[in-house]
Amino acid sequence: MESLKNQFASAQLNSLINFEQDPEQEFELQEQLGQGNYGSVFKAKHRHTQQTFAIKLLPIAHDTESLRKEIAILKSCDSPYIVRFYGAYIKESDLWLVIEFCNSGSVQDIIKMANITLSETQIAAICYAVLKGLEYLHDQNKIHRDIKAGNILLDQ
Numbered sequence: 016m017e018s019l020k021n022q023f024a025s026a027q028l029n030s031l032i033n034f035e036q037d038p039e040q041e042f043e044l045q046e047q048l049g050q051g052n053y054g055s056v057f058k059a060k061h062r063h064t065q066q067t068f069a070i071k072l073l074p075i076a077h078d079t080e081s082l083r084k085e086i087a088i089l090k091s092c093d094s095p096y097i098v099r100f101y102g103a104y105i106k107e108s109d110l111w112l113v114i115e116f117c118n119s120g121s122v123q124d125i126i127k128m129a130n131i132t133l134s135e136t137q138i139a140a141i142c143y144a145v146l147k148g149l150e151y152l153h154d155q156n157k158i159h160r161d162i163k164a165g166n167i168l169l170d171q
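With our numbering, letter number 79 in the sequence shown gets 94, and the count goes up by one each step, no holes.
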């Protein structure tokens, strides 16, 4: 565990990562929501509050710098158009990122699962929200770098 702390050496980031507590004591992982190149996303319930979250499980391999950047960016964002970050844990060789659960899934999920074509009004509403999120990021001198239907999460 100490070597993982050293890999996330920034004092500011160490304060965002809970190295002491077992995340499985705090959260009950439920169904898997997605699988990406870098890890998996699960729906999870907080064991004490029953609040629902999404948890990204990211293997801590050699690229701790990109993980550090993701945590720092998520933590610094405060916009209704950007998924909210609640904390991070280390368990064995995985980083657990606790983020806002968007109960409607992604735009990609809706299109594939429901096998529907979105109306122009729906597309316009989604584009508006995406552009507001991008505007916020750009105002913060940040870029997204992976805009796609699978990364556009809907909460209603």
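The hints are simulated quantities; they were obtained by calculation from the structure and are not laboratory data.
A few of these clues could be false.
Below, simulated DSS-like cross-link-like pairs (lysine-lysine); rule was C-alpha separation at most 30 Å, straight line [said to hold, decoys possible]:
#1 127 to 106
#2 147 to 106
#3 147 to 90
#4 84 to 163
#5 58 to 157
#6 157 to 84
#7 84 to 58
#8 163 to 127
#9 106 to 84
#10 58 to 127
#11 90 to 163
#12 90 to 157
#13 58 to 163
#14 60 to 90
#15 147 to 58
Hint-by-hint comparison with the structure:
1. 127 to 106: 33 Å, violated
2. 147 to 106: 35 Å, violated
3. 147 to 90: 18 Å, holds
4. 84 to 163: Holds. Residue 84 to residue 163 sits at ~20 Å (cutoff 30 Å).
5. 58 to 157: 27 Å, holds
6. 157 to 84: 11 Å, holds
7. 84 to 58: 23 Å, holds
8. 163 to 127: 14 Å, holds
9. 106 to 84: Between residue 106 and residue 84 the Cα gap is close to 19 Å, so the pair holds against 30 Å.
10. 58 to 127: 19 Å, holds
11. 90 to 163: 22 Å, holds
12. 90 to 157: 13 Å, holds
13. 58 to 163: Since the Cα atoms of residue 58 and residue 163 sit roughly 21 Å apart, the hinted pair holds (cutoff 30 Å).
14. 60 to 90: 21 Å, holds
15. 147 to 58: 26 Å, holds
Hints 1, 2 from the earlier list are contradicted by this structure; the remaining hints agree with it.
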